[in-house]
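Colleague: Chains as they are written, first to last, in numbering that gives the first Met the number 0: chain F, 0 to 163; chain V, 0 to 209.
Derived from the structure by calculation, the hints contain no laboratory data.
A portion of the hints provided could be inaccurate.
[What the hints assert, rightly or not] Example chain F residues on the side facing chain V (calculated, C-beta under 10 Å, incomplete):
| no. | residue |
| --- | --- |
| 1 | V9 |
| 2 | K21 |
| 3 | N28 |
| 4 | D35 |
| 5 | Q38 |
| 6 | E39 |
| 7 | F57 |
| 8 | I70 |
| 9 | L72 |
| 10 | Y126 |
| 11 | L127 |
| 12 | T138 |
| 13 | G140 |
[Unchecked claim] Covered stretches of chain F (chain V as the covering partner; in silico rule of three or more C-beta atoms under 8 Å from a C-beta of chain V):
| no. | region |
| --- | --- |
| 14 | 11-17 |
| 15 | 58-69 |
| 16 | 150-163 |
Everything numeric in this text was worked out from a predicted model, so none of it was measured.
Glycine residues also receive a C-beta, built at the ideal position from the N, C-alpha and C atoms.
Take a look at the letters that make up each chain.
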Amino acid sequence: MNKELEHSFVELLEKHQNIAHKVCRLYTNNYDAHNDLFQEITIQLWRAYPKFRGDAKFSTWMYRVALNTAITLYRKSKRTINTQDFSGVEFKIKSEDYDNTEEEQLKVLYKAIRQLNDIDKALIFLYLEDKDYREISETLGISEVNARVKMNRIKTKLKTILNP
Amino acid sequence: MDELDLLKKDWNKPSQDKNLSAKDIYPMLHKKSSSIVKTLFYISIAELVFWTLINVSPYFMSASYRAKLDMVYTNQTVFTLVNMISYGIIFLFVYLLFKAHKAISVTDSAKKLMESILKTRKIIKYYVIYNLVVSFFAMVIGIYFGLKNNPEASRKFANATDEQLLLMYAVMIGFTAVFVVIIWLFYKLIYGLLLKRLNRNYNELQKLEL
């Protein structure tokens with residue numbers, strides 16, 4: 000791989016690294032695992048980069064590679080789970096945790112999201128990133144209708160957690 | 000939906016994650032991947048080599064086996080044909096495996112990527128099944144010709160009572176069964192651990208499409 004390619008890649012990744020960090024934040028629960036997953040996402044992006052065509056946006060392309068790495072390719076999460084929890088988020092949700100302040104609401108919501116399975120996390124992630132259902136369905140490889148139905152179910156689930 | 004809007008707003012706030020510089024990113028490009036695809040690739044290579052050796056090595060390592068085999072294949076054309084077919088099958092599997100690995104693309108949709116990985120695993124599974132079947136038939140044919148060409152053994156065989164024959168068959172079937180179960184457990188363990196998460200997520204995606 001030539002230096003020019005490497006340079007253009009690093010420049011783009013530096014600019015859009017936030018996407019990978021957000022995926023790591025969602026799929027790992029400690030500092031080491033976060034870095035580990037970020038490293039793997041970088042490798043996968045770099046390997047796929049020569050085939051990246053400029054007609055797609057780098058960020059759009061990056062969402063797919065980062066999520067695929069987190070959901071399918073990454074296999075170290077088990078090893079590093081349950082060490083110190085950098086987000087300070089607890090795992091068990093109790094209805095007593097609920098408090099009407101925004102901060103409390105957010106805390107409970109983040110807790111709830113962390114308990115979702117890998118696929119539901121991907122759905123909520125793409126929703127939070129303002130992706131439309133077409134892009135969500137294309138990223139995950141499911142139909143648009145099913146993406147919408149599932150998303151509504153997750154929303155209802157989160158709402159129930161907040162308003163028991 | 001108020002709560003999720005609130006979450007969205009918070010989610011899109013400037014990141015609290017550390018911001019890596021280009022200097023931090025450069026060394027990351029050259030680190031080794033620890034993805035399951037890479038592990039699967041090494042396992043498939045190991046399996047190809049292992050099973051090929053298992054089926055080929057007796058021929059090269061034991062002169063008596065070679066002699067017996069030559070005796071079985073009195074017809075040289077049949078021997079050449081069998082050899083050509085078995086090597087052809089090995090090459091076919093190598094080709095299929097190579098093609099399947101090439102087809103794995105991280106830029107596909109999540110579901111397609113999972114399917115490509117599972118397809119690779121399936122090819123190697125078929126290769127193992129093929130080898131087990133070949134080993135089984137080789138064993139049966141070997142015993143048959145061994146007895147046929149060994150007058151003492153065939154005499155003993157002819158004189159054996161029904162009970163003795165039954166016991167002999169039971170022992171043979173028992174050994175084969177234990178062998179197959181051990182191999183099956185070994186695969187369950189290796190692929191079970193490696194593909195547990197992938198299978199779970201794939202099933203989850205499948206469930207969404209029902």
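Colleague: If a hint holds in the structure, say so; if it doesn't, say that too.
Modeller: Now for the hints, and whether the structure bears them out:
1. With 10 Å as the threshold, the beta carbon of F/V9 comes within range of chain V, its nearest partner Cβ sitting at about 5 Å, so the hint holds.
2. Interface restraint check: F/K21 against chain V, minimum CB-CB distance 7 Å, threshold 10 Å, status holds.
3. Hint status for F/N28 relative to chain V: violated, with the closest Cβ pair at about 14 Å, above 10 Å.
4. For F/D35, the interface hint holds, the least distance from its beta-carbon to any beta-carbon of chain V being 8 Å, beneath 10 Å.
5. Interface hint at F/Q38: satisfied, since its Cβ lies 6 Å from the closest Cβ of chain V, which is below the 10 Å cut-off.
6. Below 10 Å, beta-carbon pairs count as interface contacts, and F/E39 has one with chain V at about 6 Å; its hint therefore holds.
7. The interface hint given for F/F57 is broken, as the beta carbon of that residue sits about 12 Å from the closest beta carbon of chain V, more than 10 Å.
8. The interface hint given for F/I70 is met, as the beta carbon of that residue sits about 5 Å from the closest beta carbon of chain V, less than 10 Å.
9. Because the beta carbon of F/L72 sits about 4 Å from the nearest beta carbon in chain V, less than 10 Å, this interface hint is met.
10. Interface restraint check for F/Y126: the shortest CB-CB distance to chain V comes to about 8 Å, inside 10 Å, so the restraint holds.
11. Interface restraint check for F/L127: the shortest CB-CB distance to chain V comes to about 4 Å, inside 10 Å, so the restraint holds.
12. With a cut of 10 Å, the hint placing F/T138 at the interface with chain V holds, because the nearest CB-to-CB distance is about 6 Å.
13. Here the hint on F/G140 is kept, as its CB sits about 3 Å from the closest CB of chain V, short of 10 Å.
14. Coverage of the region 11-17 of chain F by chain V holds [criterion: at least 3 residues with CB-CB distance below 8 Å; count 4].
15. Given as covered by chain V, the region 58-69 of chain F passes the check, having 6 residues with a CB less than 8 Å from a CB of that chain where 3 are the minimum.
16. Evaluation of the coverage hint for the region 150-163 of chain F: fulfilled, as 4 residues show C-beta separations to chain V shorter than 8 Å, against a requirement of three.
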